[in-house]
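Student: The chain contents come next:
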Amino acid sequence: MIDPHAFSSVHDSVPLLVTLGYVVLAMAIGLGARGGRRMDTLEQWGVAGRSMGPVTLYLLIAAGSVSAYTFMGAPGWAYSKGVPVFYVAIYLAYLALVAWYFGPKVWKFGEQFGHVTQASAIADRYQSPLLGALSALVMSIASIAYAVLQTIGSAYILLVMSGGRIPLWAGVLLVLSAIAVYLFVSGQRAIGRTNAFQGVLMLVVAWAIGLWAAYLSTGEWGFSGVFTRLEASHPEYLRLPGAGGDMSFSFWTTSIIVSMLSFMPPVWTQWMSAASAGTIRRSASWLPTYYVVILPLVVVGFIGIYSLPELARADTVVLEYAMANMPVWLVGLLGAGTLAASMSSSEPFIHSVALSLSRDVLQPGLKLDDQRAGKLARWLIFPVMFLIVAPLAIWEPGNLVMILLIGLGFASQVLPAFLGMFFWPRASAAGVISGISAGFVVTVLFTVVWPHPLGLHAGFWGLMFNLPVFVLVSLLTRPVDEAVTLRFFRIAAPWSLKR
Amino acid sequence: MPSTWRGWSLLVIFLLLVVMGIWPVIGWINQQTLLWGMPSLIIWSYLIIFACSGAMLLGNCLLRRRHGADPLSKTSAGERDGGAA
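From first to last, the protein sequence lines stand for chains C and A.
Going by this note's numbering, the first sequence opens with residue 626, and the numbers climb by one from there.
Going by this note's numbering, the second sequence opens with residue 1250, and the numbers climb by one from there.
Check each hint, because a few of them may be wrong.
As the list claims (entries may be wrong) - Here are the simulated distance ranges between beta carbons: (1) 1276(A) x 738(C): 40 to 48 Å; (2) 1013(C) x 1280(A): 27 to 35 Å; (3) 1307(A) x 1109(C): 33 to 41 Å; (4) 1284(A) x 858(C): 16 to 24 Å; (5) 738(C) x 1307(A): 26 to 34 Å; (6) 1284(A) x 869(C): 33 to 41 Å; (7) 1280(A) x 752(C): 47 to 55 Å; (8) 1252(A) x 858(C): 53 to 61 Å; (9) 1276(A) x 853(C): 18 to 26 Å; (10) 829(C) x 1296(A): 41 to 49 Å; (11) 1303(A) x 1048(C): 22 to 30 Å; (12) 1303(A) x 935(C): 40 to 48 Å.
Unchecked claim - Chain C side only, calculated, beta carbon under 7 Å to chain A, not exhaustive: (13) 708; (14) 711; (15) 722; (16) 723; (17) 725; (18) 856; (19) 864; (20) 866; (21) 878; (22) 881; (23) 914; (24) 916; (25) 1114.
Said to hold, decoys possible - One side only, chain A facing chain C, incomplete, derived with CB under 8 Å: (26) 1258; (27) 1275; (28) 1288; (29) 1296; (30) 1297; (31) 1305.
Source of the hints: derived by calculation from the structure; they are not laboratory data.
The structure presented is a predicted model; accordingly, all values stated were derived computationally and were not measured.
All C-beta atoms in this analysis are idealised placements derived from N, C-alpha and C, irrespective of residue type, glycine included.
For reference, chain C alone in the conformation it holds in the complex:
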């Protein structure tokens, strides 16, 4: 005879078992990605020997850009504000245009000049190891804050799926240990393979959850019934500035512009991992299509407006709705999908921090050769994960979001370094440092002290100060050696050299 209590216990454990099953599968895929290769060089561990094909690269970039935000934050925005959340979908599509145009050039730089990180390309272009180390360090702060937030998201999912049996600290250690093992063994190849798996899983789970929720809510396998109902009861959610009244046209516009001009280091590393420059273009061309993953989850957020009106935390709307209304196996898949989203985003950032600290800070500082720097990068993931990310994720400092905002503010202000790399040979290291410093100070002030004056994004204000300072100081200081700019502009803008 079946013990009904035992059945109930097994039944309750299904979501946790499905979620943990996903972790085991991700580990197996990550460990298998090594394929017998030696992983102690920066080329192999850092950029997968520049070998990734278009499908893997497509899923690597797509899954990397879809974080726990898509499964929790975006539906939460839809629940509390409405359609303003779609600025994310638009800027992600624009990032694909950026990848299509700049990715092949970055890949060429890497192939010809041996760059494996964004900071190494900056140091080389401006002949300034100091500028390279500085950008590596500050980008690392932003990357770590981002990885910590994703890890907190992962641990929260395990806490919910286990019904409180896996506390947050244990969830943090479990997720980081799983990532650490396959990241150490297989490096960027593990990120590529696991992100491919996670990318497919997220897409399937998102649409299964979204369509199921729409059916439960309206009796239709489509979303129109949800919006027809909202149009009658909550029309303010269906247009800007949204229900909160805080997404003005100017904030929408400047948020999109600043976000599409922020070049984060892991994306740079992903471009350099491609098998060829053309591979990046092929992947980028189809990349926007992946962002259909956002729609069904956001629809669940809209459903929550009328079916869960008293929710305490907006970003739990999908989880709460699923746990209240859906079969346990689907709740388990949602847990696996959300965990996949947070892991697929945190691992490229952790990898990129270890890679950049080794290549751009410790290698020039300690005068290490490439082989030692390669070995060091691999081992650095452990202190980064267990001495920085884990304590921060468990401690959960209240100002973490502020650290992330400041870090992202810096990321948006590195634009002059790239303008000098792709468009303007006259840009100098002093010009870039001055522009970034001015922009960074303004961005921090307009994020922390006077948030977003005149409804314009703080990063946009930063750029308005940054760019004139960058141009002026560059014109007043000595340019970089012509041989170096020629080397870069033969790839970045060959037509400008023919004139």
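With chain C held as given, fit chain A onto it using these hints.
Tutor: Then chain A, alone, in the frame of chain C:
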């Protein structure tokens, strides 16, 4: 700046796509009415998303024609000059 009509065409298309997603265009699209059962802003967002894919695929075709070979191969002229459109 681009040096061919193909390069200029692509630049104009890319800029138009960016303009489509920001003010003032987004202000004209921002209606409360539903189109095919969806808010107009969501329909517009996905139109931009798929148009971005279309523009890049067109760009791939133009690069291939310009160089008389597949610019997406590792050793083509398109790659040697950094894929300048």
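Student: If a hint holds in the structure, say so; if it doesn't, say that too.
Tutor: Tested hints:
| no. | hint | verdict |
| --- | --- | --- |
| 1 | 1276(A) x 738(C): 40 to 48 Å | holds, 45 Å |
| 2 | 1013(C) x 1280(A): 27 to 35 Å | violated, 48 Å |
| 3 | 1307(A) x 1109(C): 33 to 41 Å | holds, 34 Å |
| 4 | 1284(A) x 858(C): 16 to 24 Å | holds, 19 Å |
| 5 | 738(C) x 1307(A): 26 to 34 Å | holds, 31 Å |
| 6 | 1284(A) x 869(C): 33 to 41 Å | violated, 24 Å |
| 7 | 1280(A) x 752(C): 47 to 55 Å | holds, 53 Å |
| 8 | 1252(A) x 858(C): 53 to 61 Å | holds, 56 Å |
| 9 | 1276(A) x 853(C): 18 to 26 Å | holds, 24 Å |
| 10 | 829(C) x 1296(A): 41 to 49 Å | violated, 25 Å |
| 11 | 1303(A) x 1048(C): 22 to 30 Å | holds, 26 Å |
| 12 | 1303(A) x 935(C): 40 to 48 Å | holds, 43 Å |
| 13 | 708 | holds, 5 Å |
| 14 | 711 | holds, 4 Å |
| 15 | 722 | holds, 6 Å |
| 16 | 723 | violated, 10 Å |
| 17 | 725 | holds, 5 Å |
| 18 | 856 | holds, 6 Å |
| 19 | 864 | holds, 5 Å |
| 20 | 866 | violated, 9 Å |
| 21 | 878 | holds, 4 Å |
| 22 | 881 | holds, 6 Å |
| 23 | 914 | holds, 6 Å |
| 24 | 916 | holds, 6 Å |
| 25 | 1114 | violated, 9 Å |
| 26 | 1258 | violated, 14 Å |
| 27 | 1275 | holds, 6 Å |
| 28 | 1288 | holds, 4 Å |
| 29 | 1296 | violated, 10 Å |
| 30 | 1297 | holds, 6 Å |
| 31 | 1305 | holds, 4 Å |
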